[in-house]
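*Asks:* Chains A and B, in that order, are what the protein sequence lines are.
Just so you know, we're using numbering that gives the first Met the number 0 here: the first sequence kicks off at 0 and counts up by one.
Just so you know, we're using numbering that gives the first Met the number 0 here: the second sequence kicks off at 0 and counts up by one.
A few of these clues could be false.
Only pairs whose alpha carbons sit at most 20 Å apart, straight line, appear in this in silico SDA-like list of lysine to any residue [what the hints assert, rightly or not]: (1) B:LYS346 with A:SER1; (2) A:LYS40 with B:ARG347; (3) B:LYS291 with B:GLU122.
Just a few of them, taken from the derived set where beta-carbon distance is under 8 Å, the chain B residues facing chain A [to be verified]: (4) PRO24; (5) SER60; (6) GLY65.
Keep in mind the hints are simulated off the structure, nothing from the lab.
Here a beta-carbon is modelled for each residue, glycine too, at the ideal position from N, C-alpha and C.
The lines below spell out each chain.
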Amino acid sequence: MSYFNHSKNDIEKMLSFLGMSNIDELFTSIPEEIQLKRPLKIKGPYPESELVKLSEEIKGSIKTYREIFRGAGAYKHFIPAAVDEITSRAEFYTAYTPYQPEVSQGSLQAIFEYQTMMSELTGLPVSNASMYDGASATAESILMAWRHNKKSTVLISEGIHPEYLQVINTYIRHTGITVHTIPLTRGLTNIEGLKDTVKDDISSIVIQSPNFYGNIEEPGKVKEIFPEASLIYVTNEALSLPVLKKPSDHGADICCGEAQSLGIPLSAGGPYLGFITCSNEYLHTIPGRLVGVTKDSNGKRAYTMTLSAREQHIRRERATSNICSNHALMAIRAVVYMSLMGVTGLRSAALLSIKNAHRLYRALIELKNVEPVYPNTPFFHEFLLKIPLDRKKLTERLERNSYLGPLEISTFPYLKENSTIKNSEEESLYLFNTTELNTEQGIDYLYSAIKESLL
Amino acid sequence: MSEIKYNEKLIFQSSMEGRSGDFIPNYTDDSLIPKNLQRESPPRLPSVPENEVVRHFVRLSRLNYGVDTGMYPLGSCTMKYNPKINEKIASESNFSEVHPYQSEDSMQGILRIMYELGEDLKEISGMDGITLHPAAGAHGELTGILITRAYHTKQGNPRKKILVPDSSHGTNPATAAMCGYRVVTIPSNENGTIDVEKLKKNMDEEVAALMVTNPNTLGVFENEIKEIASIVHEMGGLLYYDGANMNAIMGIVRPGDMGFDMVHFNLHKTFSTPHGTGGPGAGPVAVKEKLKEFLPYPTIAFKDNRYFFDYSHRDSSIGKMRTFYGNFLVLLKAYLYIRANGGEGLKRVSELAVLNANYLKKKIEGLFDLPYKNASMHEFVVSATNTKKKYGIRALDISKRILDYGFHAPTVYFPLIVKEALMIEPTETETIENLDRFAEVLSKIVEEAELNPQLLHEAPINTPIGRPDEVTANRKPILSAFAIPDKEG
Chain A
0 MSYFNHSKND IEKMLSFLGM SNIDELFTSI PEEIQLKRPL KIKGPYPESE LVKLSEEIKG
60 SIKTYREIFR GAGAYKHFIP AAVDEITSRA EFYTAYTPYQ PEVSQGSLQA IFEYQTMMSE
120 LTGLPVSNAS MYDGASATAE SILMAWRHNK KSTVLISEGI HPEYLQVINT YIRHTGITVH
180 TIPLTRGLTN IEGLKDTVKD DISSIVIQSP NFYGNIEEPG KVKEIFPEAS LIYVTNEALS
240 LPVLKKPSDH GADICCGEAQ SLGIPLSAGG PYLGFITCSN EYLHTIPGRL VGVTKDSNGK
300 RAYTMTLSAR EQHIRRERAT SNICSNHALM AIRAVVYMSL MGVTGLRSAA LLSIKNAHRL
360 YRALIELKNV EPVYPNTPFF HEFLLKIPLD RKKLTERLER NSYLGPLEIS TFPYLKENST
420 IKNSEEESLY LFNTTELNTE QGIDYLYSAI KESLL
Chain B
0 MSEIKYNEKL IFQSSMEGRS GDFIPNYTDD SLIPKNLQRE SPPRLPSVPE NEVVRHFVRL
60 SRLNYGVDTG MYPLGSCTMK YNPKINEKIA SESNFSEVHP YQSEDSMQGI LRIMYELGED
120 LKEISGMDGI TLHPAAGAHG ELTGILITRA YHTKQGNPRK KILVPDSSHG TNPATAAMCG
180 YRVVTIPSNE NGTIDVEKLK KNMDEEVAAL MVTNPNTLGV FENEIKEIAS IVHEMGGLLY
240 YDGANMNAIM GIVRPGDMGF DMVHFNLHKT FSTPHGTGGP GAGPVAVKEK LKEFLPYPTI
300 AFKDNRYFFD YSHRDSSIGK MRTFYGNFLV LLKAYLYIRA NGGEGLKRVS ELAVLNANYL
360 KKKIEGLFDL PYKNASMHEF VVSATNTKKK YGIRALDISK RILDYGFHAP TVYFPLIVKE
420 ALMIEPTETE TIENLDRFAE VLSKIVEEAE LNPQLLHEAP INTPIGRPDE VTANRKPILS
480 AFAIPDKEG
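Could you put together the complete structure from these sequences and hints?
*Replies:* Written as structure tokens, this is what we have:
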């Protein structure tokens, strides 16, 4: 299947217009000795019908589950059909970055509305057009604060998603920034323990809420101890924002994270939607695209990309980041999702997720030998339990009925740099998640399967 | 594009209390969360019924121009057709509903796609190892330069400088700076290619890498690339291939055979995945054997008839660049595109991309100044200095007038080494008729520049809006609907 339409005749006509007799003549500027003298060893060509067969064959070795009890930064929430419908419109998905605002008002206005909604969710007045994902957005937020206050120590809560911490370490390795982690007590960042920390060189303090273990943090307390440092509020569950205290009410200067929950399917891990919002003081350090309002030559309302002097195509090595393409279409998914659901819908999705999680939690902790790791700590829709289990038995039971069980921490490959969970304890720790899509039957089934698999 | 001229209100202005749809059961009991941890007031989101939300965004979409609207000759962006079958397959639940932390056994098909795509990209580029993690071209560059740094650090000296040609993309120097390198710009010679003598002068043992786009952003092949590679390698430096222009060379010449040590791909350019009005794309990075140990973890491996995530190089790896494994749905579309074309088909893609560009160039070269006379590959750059001098008509004016005629504009004012640049990349998916029409439009516009320059200063006039006042947008940034002054609504 090819996607060009040149007939033999066309090609001859074009070559003769160029005074050439052979298509190879177009490539004479490439030295002979480096040209590839053999065909590429790549399967195909497949006609479209064969592509469909190939995809059917591959799908046979992919399992999807009727119900999922696993989150850890990727959540299965309900997505209204209209989200797919709108973002499948070719006028959106086949456009480039809106460099020509006169023929890109659709993208620009949609992104402007997205920015507005992210500002509303987080309470911070500036939102960019999107980042790649929650982890890279968090790393870039730390760089923002560093550019803002030019200090070089970052304190990061151990409650942050372990993959985020690893991405942060990759991003900042060559900047001279030093990372210290803040341990958890009772599943929450031990802010009190920081009172004696030397405060001079703290650039930012990074706290995720709900944290990786599902617990709801109170990052605002950090501001009392470190009024000078930038508070970066991270969340990998954007649906917590319509329910929990606003990041700005915690005194956050920057809020960032993952907004996959706002209308984006699990997709085996991507593409998702990173976001950054910030207070006005950080406006000139924010990476990525910003859409603003102006007027056109006739005095009519118009939207355009703005403050581009921060960006790589203008400022090159002095840019705030190298980011160019971002995840704009995912931002459009999010703005359509939020427009459809409204506050009522967003809150219902969040509150039902919470309700299901607490129902499951209460049932499970009644079982003998099942211990909550952080009893009495308020959690959102995720929680950590210590359960002595016959893992094989549990997996077999769940798979049989197409349920994806909790994340087993001992098989989780990303905890190496995170000292909160010690290797010795890992054996029987499970991180559970529910959303509004989990059902009573599903929760009951998981409960019974665990009960029957207890050691 | 013409005729669509309406004001679409902000969605917040259509809000009416109690009008949202019930997509899920309504539930308001918040008693499980302690009050002091809860929000005091709800976010001001609109409350709009489904059909009005749909109409709002459909109307917005009609104010946009995409590849499916018409020819989009945006240089350096490879705006080729995005096959519909790829969109359809990628939207199927077997792919979209997979949780990234499922077991390897439950997602063998996902791993197979990533593995085979990686093998194909290695073959296309002549490399030995690959990561599919990067989410965009710039993210790939960041990965590549961090690998560069890790490699030199292991040799005992991370080195201090990255060299970039003056024709390079802005992402190249921005990336180098993010990795703690000083950027040194190498001037181009009179052919628009890297000045080898000046490269020699700037090359020393503190240079970590030279980043090259080949063909470069003028659409010209760096024909001295072998010599350039040996100059860099002799001093122990690495050669980085910016894959933005890979559409010119598939099956014809491979970065690995030119002497490059690593390459990033733009799957959203060369491999037909849609640009999505600014992403998501994907920017895999392929490397030569000696750099494999530094790739982000995990990579995808295949052994004993089973695919798996390989963490074995974790201790030498640069680390992770993102969560999970890559923009999978984008990777899937690129995989399908490669299978649809096969090896021969990909070569044909490049041949026809170059044919189209050269055909169009010859059609229009008499209209403008041609800053560099050498052979073009898949794109070319002309300069509007002639119309500027004669009629006061700049590249910007021409690009805006192109919009009036129902085409998207070329890239303007890039590369920076060409004054009044118009950078044109038709891609292989345009027919000869489209190229002829585009050439006619440019010819007409140059005529207008002489006869009615005012028309061009005022262009575009047939688009949903006229030129926006970007100065005001910059001076008083309004970035949220609630920041718009009341009197403006």
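*Asks:* Give a verdict on every hint.
*Replies:* Hint check results:
Restraint check: the Cα-Cα separation between LYS346 (chain B) and SER1 (chain A) comes to about 11 Å, which is no more than 20 Å; the hinted pair holds. Between LYS40 (chain A) and ARG347 (chain B) the CA atoms are separated by roughly 14 Å; this keeps the pair inside 20 Å, and the hint holds. For the suggested pair LYS291 (chain B) and GLU122 (chain B), the alpha carbons sit about 15 Å apart, so the restraint of at most 20 Å is met. Hint status for PRO24 (chain B) relative to chain A: holds, with the closest Cβ pair at about 7 Å, below 8 Å.
The restraint placing SER60 (chain B) at the interface with chain A holds, with a minimum CB-CB distance near 4 Å, inside the 8 Å limit. A cut of 8 Å between beta carbons decides the hint on GLY65 (chain B): the least distance to chain A is about 3 Å, and the hint holds.
Violated hints for the displayed structure: none, as all numbered hints are satisfied.
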